[in-house]
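Residue numbers (our numbering), protein chains in the order written: chain D, 1 to 431; chain B, 1 to 161.
It is worth saying that the hints were derived from the structure and are not from the lab.
Quick reminder that beta carbons are idealized off the backbone N, C-alpha and C, glycines included.
Heads up, a few of these hints could be off.
Claimed, not checked - If the Cβ cut is set under 8 Å, some of the chain B residues that face chain D in the computed set are: (1) L5; (2) I12; (3) Q26; (4) D27; (5) T44; (6) C45; (7) G46; (8) E73; (9) G74; (10) C75; (11) S76; (12) V137; (13) C139.
What the hints assert, rightly or not - So the derived label-pair ranges between C-beta atoms look like this: (14) B:R159 <-> D:G132: 49 to 57 Å; (15) D:R421 <-> B:Q113: 28 to 36 Å; (16) D:Q150 <-> B:E61: 37 to 45 Å; (17) B:V145 <-> D:G132: 39 to 47 Å; (18) B:R159 <-> D:T172: 55 to 63 Å; (19) B:T44 <-> D:T336: 25 to 33 Å; (20) D:D339 <-> B:R111: 35 to 43 Å; (21) B:Q7 <-> D:Q314: 31 to 39 Å; (22) B:G91 <-> D:T409: 40 to 48 Å; (23) B:E96 <-> D:T336: 49 to 57 Å; (24) B:G91 <-> D:T39: 14 to 22 Å; (25) D:Q314 <-> B:D6: 44 to 52 Å.
Letter by letter, the chains look like this.
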Amino acid sequence: MTTTPLDNEQVLQLKQDFPLLTETQVAGHPLVYLDTGATSQVPLPVADAERDFTLRHRAAVHRGAHTLAVEATDFFEDARATVSRFVGADPYSLVWTSNATEGLNLLSYAMSNATAGSNGSENAERFRVGPGDEIVTTQAEHHANLIPWQELAARTGATLRVVPVNERGLITPQAVANTLSDRTKLVAFTHVSNVTGAITDVPGVVAEAQKVGALTVLDACQSVPHMPIDFPALGVDFAVFSAHKMLGPTGIGALYGRRELLNALPTFLTGGSMITKVTTEHARYLDSPVRFEAGTQRISQAVAWAEAVRYLEQIGMNRIEAWEAELGGRLARGITEIDGVRLLGPEPGVERVGLASIDVAGVHAHDVGQLLDVAGIAVRVGHHCAQPLHRELGLTASTRASTYLYNTTDDVDRFLDELSRVRGYFRAEGA
Amino acid sequence: MSAELDQLYQTIILEHSHKRSGETDQDVSSAGERSGVSHQYNPTCGDEITVRVAVAVTEGENPTVEAVEWNGEGCSISMAAASVLSDMAPGMSLSELGKMIEHFREMLRSRGQVAPDEEILGDAAAFAGVSKFVARVKCAMLSWVAVEDAVNQAASKARAN
């Protein structure tokens, strides 16, 4: 691993690993991919790892004793060790899920199972919620970290409380503290906003939650791919993240949880692989992580995800974080220099990841995205699965550019250049 | 800018997106005896529109569209489509309107294969370029679907009376 900072030359070299990025033409222009916030692209070694496992090592895992089955199980559990180490955790603390959304749903359903006294809830006292109890989330959340808690509240009679964002759309530990009470059982919040690119003070929020004895759940989808992460050091009880935003395949994500909590948490999906003794009347369940992994798992996807982690580690997460901070700063500064374009989230110079969302006065996000698309630039338009945050910012939709280790400063500049023409093209007032 | 983009954003569309016919500050969400209301929402982009269509019924004649009023928020394509239709629909018989909406839908879904019949579509023929941009077809259809729905409601009320 090198320690020199990433630069455009090295990034262009890295880009060679991504055929989609070097070969794709959109409307006659080489593609500029600025939609990693939605999903990242995949480098050759990751695609090769999935193909190699599928063609040469495939077998059912955790069942059967033949040589191939043992080998496949080793691949699968090595993948878990690799991905869990990447976030500072041990393998027992990392549960495979379909995606981050499923991880949050697992947790919310396991909590209502605790409330109902089902699914192995002998030691699940601290997960029970009911009338009078409070579940806290924030106005900045992706719908995936809001709706499961709305539904948990509806199923159990608990109350959902929502932490308001400040005028720039950010969550502060103070605002969280103001929303907490001694009835708060859980605080769910995002590490990095998928709309504003702002980074939450996680230890600050955790400290507030711990004062009232509440569990903490971190949506780390937009942080794990972009910065070094150590969940135990951050102090959160649970966290979710997803492979497809960090060079990995679709269809797999993970739920991190402190091991003693996962072992006490009631099960969610039940069936094969996750049991000890089963009778026709009753079943007993294994400990984490297989406790939550009913049925045949995403084996080749786990193997490919581990390869994506090794790819990132080889480059170095510190270097990736620094490079994206540079791209994010360039985006933020460039956007504020364009008349009639409003930068959402932190001001230029304030910490953000390599992501920026904007509102163009007098031009709808869909039209902005269209103009960029015919110039070969892929961005996200819409509400980015965060309607409440957009509403609070006075918008229904915005345009988001999000970068990764394969984007150059030239990519950012091409985006800014096209953006500067948008209001003129659409004859927006004052343009 | 590219010629392709100019095909999508015809001058007539850009003009209607700024000067919107039929748009009103009044709340249009309640229907009267001879009107229908429809609310349509596009969850992918958050565009929405509420349309109220009043229908005129004269003894012995085909019912006609009296007025189209709407509140909405959305991209230039969706706002312009609402505006163009609000200009064109009043005075049309319901069967003429139905025929026009059907042709508009067919053209938009054709990926550029069905040429607009300008006699049927009038100014709405300007939306032909949208059909090559599959992601935008729903934008153009949003208000037209709302009008179709509102007219059907108004017509069934008129028949009942």
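Comparing the hints with the structure gives:
Because the closest C-beta pair between L5 of chain B and chain D is about 5 Å apart, less than 8 Å, the hint holds. Interface restraint check: I12 of chain B against chain D, minimum CB-CB distance 13 Å, threshold 8 Å, status violated. Look at Q26 of chain B: its Cβ only gets to about 20 Å from chain D, farther than 8 Å, so that hint breaks. Hint status for D27 of chain B relative to chain D: violated, with the closest Cβ pair at about 18 Å, above 8 Å.
The beta carbon of T44 of chain B is positioned within 8 Å of a beta carbon in chain D (closest approach about 6 Å), and the interface hint is therefore held. Below 8 Å, beta-carbon pairs count as interface contacts, and C45 of chain B has one with chain D at about 5 Å; its hint therefore holds. Look at G46 of chain B: its Cβ gets to within about 4 Å of chain D, closer than 8 Å, so that hint holds up. The interface hint given for E73 of chain B is met, as the beta carbon of that residue sits about 6 Å from the closest beta carbon of chain D, less than 8 Å.
For G74 of chain B, the shortest C-beta to C-beta distance to chain D is roughly 6 Å, which falls under 8 Å, so the interface hint holds. For C75 of chain B, the shortest C-beta to C-beta distance to chain D is roughly 4 Å, which falls under 8 Å, so the interface hint holds. Contact between S76 of chain B and chain D, as hinted, is supported at the beta carbon level, the nearest pair being about 5 Å apart and thus within 8 Å. Nearest Cβ of chain D to the Cβ of V137 of chain B: about 12 Å, over the 8 Å cut. The hint is violated.
Interface hint at C139 of chain B: satisfied, since its Cβ lies 7 Å from the closest Cβ of chain D, which is below the 8 Å cut-off. In this structure, R159 of chain B and G132 of chain D meet the distance hint of 49 to 57 Å, their C-beta atoms being roughly 54 Å apart. For R421 of chain D paired with Q113 of chain B, a C-beta distance near 31 Å keeps the hint of 28 to 36 Å intact. Against the hinted window of 37 to 45 Å, the Cβ-Cβ separation of Q150 of chain D and E61 of chain B comes to about 52 Å, which falls outside the hint.
Between V145 of chain B and G132 of chain D the CB atoms are about 45 Å apart, so this pair conforms to the stated range of 39 to 47 Å. Distance hint for R159 of chain B and T172 of chain D: a CB-CB separation of about 59 Å, consistent with the stated range 55 to 63 Å. The hinted range of 25 to 33 Å is satisfied by T44 of chain B and T336 of chain D, whose Cβ atoms lie roughly 28 Å apart. Distance hint for D339 of chain D and R111 of chain B: a CB-CB separation of about 37 Å, consistent with the stated range 35 to 43 Å.
Taken as a hint, the range 31 to 39 Å is violated for the pair Q7 of chain B and Q314 of chain D, whose Cβ atoms sit roughly 46 Å apart. Distance hint check: the CB atoms of G91 of chain B and T409 of chain D are about 57 Å apart, inconsistent with the given range 40 to 48 Å. The supplied range of 49 to 57 Å is met by E96 of chain B and T336 of chain D, whose beta-carbon atoms lie about 51 Å from each other. One distance hint, 14 to 22 Å for the beta-carbon pair G91 of chain B and T39 of chain D, is violated here, with the actual separation near 49 Å.
Distance hint check: the CB atoms of Q314 of chain D and D6 of chain B are about 46 Å apart, consistent with the given range 44 to 52 Å.
The structure does not agree with the numbered hints 2, 3, 4, 12, 16, 21, 22 and 24 stated previously, though it agrees with the rest.
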